[in-house]
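*Asks:* Heads up: the protein sequence lines correspond to chains A and B, in order. So that you can map any letter, position 56 of the first sequence is 55 in numbering that gives the first Met the number 0, and since no number is skipped, the others follow by simple counting. So that you can map any letter, position 320 of the second sequence is 319 in numbering that gives the first Met the number 0, and since no number is skipped, the others follow by simple counting.
Watch out, some of these pointers could steer you wrong.
If you anchor each label on the Cβ, the simulated ranges turn out as follows [as the list claims (entries may be wrong)]:
#1 A:69 with B:203: 46 to 56 Å
#2 B:339 with A:152: 22 to 32 Å
#3 B:101 with A:13: 49 to 59 Å
#4 A:13 with B:232: 39 to 49 Å
#5 B:127 with A:265: 48 to 58 Å
In short, the hints are calculated from the structure, not lab data. Every residue gets a Cβ at the ideal spot worked out from N, C-alpha and C, and that includes glycine.
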Amino acid sequence: MSFRATVVGTQNQILWFKSLNALYNIREQISFSITSNDVTISAMNDSDTSLCQVTFQKDFFQDFEFKPNEIVFGEEGLQVITDAKGTYHRIYSFNVNGKHLAIISKVSGNDVIKSFTLKINNTSTCPEIFTNRLLVEIEMESAMIKEYTPQISPTKYEPVMINLNYKKKFLDVYSTAPTPERPLDSKLLEVFRNIESQLDRSIFDINLVSGVNDKNKLTSDDEINYFCCHQTLFRNFLENCNPAITDNIKLEININRLTITAYSKSIQDQNKDLLKNAISMSNTISTSSLDNYCLFTTINDDIERETMKKHPMKSIIYYLKDFKNFIGITSAPKNSISNNDNISVWFCRPGFPILMEMKRPGVTFQLAEVTISTDNKFETPVNSSPTKGKVIKVSVSPEKLDNQGRYGKLQPNQKPEPISPTKELRLKSEGIITGNRYNSSHKIVPRELKKAAQKLFVEDASQDDDFVDVNSHSNDKHNTDQHKEDLDTLNRNNFNIDTTNNEPIAERHGTTIGWGKRTNEMREEQESPTIAKTSNQDSAMDKENSNTRNETPRLKQPKNELDLGFGPTQPDTPKGLFD
Amino acid sequence: MIVETTKFSATTIHLEHITTALDCLMPFGDNDALIYVDKDGLSFVRECTSVIRIQLYLSKELFVTYLYDEDEDEDGEGDGDDYMKLKVHLSHILNSFNVVNRNNDDIIECTMSYNGDGHPFVLIFEDSFISEKVEYNTYSTENTDGAALELNRQRITFECILKGDILYTVLKDLKEIGTEEYYIYVKTSKDYNKNIFAIISKSSMGYSKFKFPVNRSIIEKLQVFDSDSTTILYDEPIIGVFNKSSFDKIRMSTKIASKVLLRMDDNGLLSVNILSQTEDFVLDENTRTKNSNNDNNNNNNNNFNKGPNAQLPKDYPGIVIEISMLGSALFDDDVHTNICSLMDEDTINSDRSTSRVIDQGSGGNDDTHDENIPSTNDIPLFF
Chain A
0 MSFRATVVGT QNQILWFKSL NALYNIREQI SFSITSNDVT ISAMNDSDTS LCQVTFQKDF
60 FQDFEFKPNE IVFGEEGLQV ITDAKGTYHR IYSFNVNGKH LAIISKVSGN DVIKSFTLKI
120 NNTSTCPEIF TNRLLVEIEM ESAMIKEYTP QISPTKYEPV MINLNYKKKF LDVYSTAPTP
180 ERPLDSKLLE VFRNIESQLD RSIFDINLVS GVNDKNKLTS DDEINYFCCH QTLFRNFLEN
240 CNPAITDNIK LEININRLTI TAYSKSIQDQ NKDLLKNAIS MSNTISTSSL DNYCLFTTIN
300 DDIERETMKK HPMKSIIYYL KDFKNFIGIT SAPKNSISNN DNISVWFCRP GFPILMEMKR
360 PGVTFQLAEV TISTDNKFET PVNSSPTKGK VIKVSVSPEK LDNQGRYGKL QPNQKPEPIS
420 PTKELRLKSE GIITGNRYNS SHKIVPRELK KAAQKLFVED ASQDDDFVDV NSHSNDKHNT
480 DQHKEDLDTL NRNNFNIDTT NNEPIAERHG TTIGWGKRTN EMREEQESPT IAKTSNQDSA
540 MDKENSNTRN ETPRLKQPKN ELDLGFGPTQ PDTPKGLFD
Chain B
0 MIVETTKFSA TTIHLEHITT ALDCLMPFGD NDALIYVDKD GLSFVRECTS VIRIQLYLSK
60 ELFVTYLYDE DEDEDGEGDG DDYMKLKVHL SHILNSFNVV NRNNDDIIEC TMSYNGDGHP
120 FVLIFEDSFI SEKVEYNTYS TENTDGAALE LNRQRITFEC ILKGDILYTV LKDLKEIGTE
180 EYYIYVKTSK DYNKNIFAII SKSSMGYSKF KFPVNRSIIE KLQVFDSDST TILYDEPIIG
240 VFNKSSFDKI RMSTKIASKV LLRMDDNGLL SVNILSQTED FVLDENTRTK NSNNDNNNNN
300 NNNFNKGPNA QLPKDYPGIV IEISMLGSAL FDDDVHTNIC SLMDEDTINS DRSTSRVIDQ
360 GSGGNDDTHD ENIPSTNDIP LFF
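Please model the entire structure based on the sequences and the hints provided.
*Replies:* Shown next, in the form of structure tokens:
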């Protein structure tokens with residue numbers, strides 16, 4: 000046998016079948032790629048807008064066997080990859096008709112599948128009818144043996160690097176080693192460590208581009224956001240969503256809350272007659288329910304006053320259908336909720352793919368979906384655009400339960416780089432300011448304005464403090480630095496008491512902050528303070544990000560997306576994952 | 000309600016059972032069916048383009064009353080061969096049954112009657128309130144020559160008795176993968192555990208193989224003969240080839256089967272005998288209310304259980320179906336080698352082949368199995 004792997008155990012089989020089905024729902028053709036350590040199955044839909052990928056580690060299978068050296072037939076699927084360490088890895092990849100696999104995997108009658116074995120025999124001794132066939136042998140509890148031989152077409156594997164690129168970028172942006180001055184949540188550190196080792200182990204890491212030029216000089220191009228929460232948060236919401244009714248899903252997150260909105264736009268014909276009603280449903284969750292988050296925010300100088308009241312909102316929009324499909328893979332009976340069923344989400348600016356990842360023992364599920372670049376008129380209120388923003392801020396989810404030092408040091412700001420007069424502006428950050436937020440117990444920072452607005456969503460006053468602090472720094476950084484450090488020590492002391500006493504789960508948050516300046520040109524361009532003052536400045540910067548994105552296409556991501564909004568009634572054109 | 004002058008009339012309350020039975024005939028085209036009526040029961044015959052033929056038998060025990068007026072040729076009662084033959088549109092009858100069955104609250108009594116050539120076939124449905132009479136045109140019948148589809152019992156190549164539900168599951172799977180051609184592969188060995196009974200499918204996803212468990216509870220009997228029906232052969236594979244349109248037709252019938260007897264003669268004609276023992280498939284008896292006993296069991300109480308559910312009569316042998324189909328002749332060498340390598344591969348890989356344990360009792364077991372299935376034999380399986 001060139002390859003053999005057996006899936007035993009009900010749980011594993013269910014995961015396997017559900018994965019196949021989910022992939023088949025995305026595209027009829029499912030791609031396999033086998034290495035000596037894992038089996039990856041993936042499917043990208045026809046329009047190249049979403050890519051689902053499931054990786055089964057070797058341990059997931061019983062009797063895992065992979066002998067690429069013996070493969071004689073179908074050798075066009077053989078690849079040798081050299082990883083960054085110079086080690087050779089052999090990969091065998093092929094496509095299978097997902098419909099066949101889906102039919103095969105369907106359990107019929109009362110019988111139970113005992114073992115599900117995949118084999119490929121492309122050795123020189125293989126009988127002709129088995130060459131380039133995936134031999135599926137299913138043994139039932141009733142001792143019935145079914146064997147199927149769907150055809151495979153060996154092809155070269157073209158890895159889509161979004162996954163690794165995002166993770167690398169994520170590391171580059173957020174994971175500076177914790178210092179006594181700037182500690183990170185231990186869970187988050189673990190995330191970093193996991194990703195690091197994952198990148199380390201990856202055999203494709205040789206071409207990785209994180210896009211981050213200088214960790215200490217973040218630009219708006221370096222934007223990446225991350226959060227991690229329990230799957231049920233999404234699942235409960237998606238249960239009520241019908242992809243046929245609500246096409247899109249929008250995630251909005253700031254350091255206080257996460258809002259999930261499923262919606263579809265209304266459609267009107269030429270005479271403005273309504274063809275389809277708009278509908279939207281949303282769910283708002285406090286970020287204290289999230290495991291971790293890391294937000295990358297640019298703040299417009301001009302609207303800084305407004306942002307004092309409201310935290311900037313990161314927002315991202317993508318298609319609901321594939322996401323629901325994806326979440327469904329790991330859905331389990333409701334009573335058996337385990338703590339490890341987390342979903343991690345990485346996203347950049349609107350228009351860049353969003354990456355979601357779930358894990359089970361030995362299995363990793365990933366979905367990368369192209370997001371819709373927001374249209375100012377219809378998606379978000381026009382407030383400001385990121386390129387005009389003056390401040391780049393990195394918010395890291397607060398520490399949970401560990402009470403270490405809270406404040407980082409502010410980095411000296413740098414001057415903004417000149418920006419071209421065209422619309423495509425690039426903002427260079429001036430540096431990172433790392434800081435931690437204050438404890439809820441501290442009402443040290445006097446701030447009367449903010450509270451009212453934010454209490455609506457988050458009861459935890461501490462979060463308000465956090466943000467305000469950042470803003471206040473932007474004007475007088477060095478002073479506030481000093482101030483922060485003072486506060487920090489205070490916080491540390493108080494933190495222990497508060498968390499332990501009040502909330503046993505006590506999930507405290509810390510923020511890391513950086514900011515930059517923007518040029519006069521940008522400022523002029525943007526202005527219109529009236530609009531800016533309106534309401535949601537949060538998501539405002541998205542639009543402009545989408546504009547600037549054009550300059551430097553990275554990560555195989557879609558280009559030319561700006562100004563694609565056709566009109567109020569037409570959906571934006573989805574972009575290929577790697578046009 | 001029974002008209003005394005009719006030559007045949009029969010009354011039953013087991014409409015669902017009859018519907019289930021008639022459903023088995025439906026895959027064989029939607030045209031006419033021949034109904035043979037004799038003193039023992041009704042048999043329905045349909046034939047499709049002279050390559051497949053189904054015969055379904057409903058024993059008279061199913062009916063509360065069963066009157067068949069034997070031919071008045073004053074011959075006495077010795078002549079048991081007398082029968083009537085009529086041809087009707089089966090789908091029309093089935094529709095009537097379905098319509099009537101919709102009313103589940105009440106028990107319905109159905110009387111069929113037929114008065115010979117030129118008369119309509121009459122169904123009368125009666126519940127507590129309504130009596131409904133339906134007449135169906137009958138058609139003159141030319142003799143259907145079933146001779147070509149007669150199993151040559153002197154030249155049988157293999158014989159296999161297996162459980163019906165597992166065959167049904169396999170046929171369902173085979174249909175789902177879009178099977179174009181079916182191959183039956185039989186190979187026996189002196190070691191019982193090395194017997195192979197498999198159905199192989201050729202479909203858009205290539206060859207698929209369904210190997211039945213070698214287990215006496217599932218395969219009761221498996222024998223390969225040297226095409227003389229007596230000499231038992233070992234290690235000689237037998238392959239039957241059938242196309243989709245024929246083989247899939249037996250799926251509906253196997254759904255209700257408890258046991259299936261497969262026999263093939265050296266012409267490639269496969270005969271499938273299906274016995275549905277009534278306790279083996281679930282009729283929806285829950286809907287029968289207690290009213291049933293009060294109203295309808297007056298006529299012939301002896302045949303019925305007194306329980307709250309009107310069950311089928313105890314001495315009713317169940318639906319008996321015989322299907323015979325001609326195998327395809329197109330059997331090129333490629334297919335043959337492919338199938339052989341498909342099955343060889345199995346023996347190469349399986350550990351069973353290495354442990355060659357001769358089961359001393361294997362020969363004897365086959366004999367005992369003949370004895371174990373008297374129920375198959377003492378009912379009129381074959382006509």
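*Asks:* Determine for every hint whether it applies to the structure shown.
*Replies:* Each hint tested on the structure:
Range check, residue 69 of chain A to residue 203 of chain B: about 28 Å between beta-carbon atoms, so the 46 to 56 Å window is missed. Between residue 339 of chain B and residue 152 of chain A the Cβ separation comes to about 26 Å, which falls inside the hinted range of 22 to 32 Å. The given range of 49 to 59 Å is broken by residue 101 of chain B and residue 13 of chain A, whose C-beta atoms sit roughly 38 Å from each other. The hinted window of 39 to 49 Å between residue 13 of chain A and residue 232 of chain B holds, with their beta carbons roughly 44 Å apart.
Our hint of 48 to 58 Å for residue 127 of chain B and residue 265 of chain A holds, since their Cβ atoms are close to 56 Å apart.
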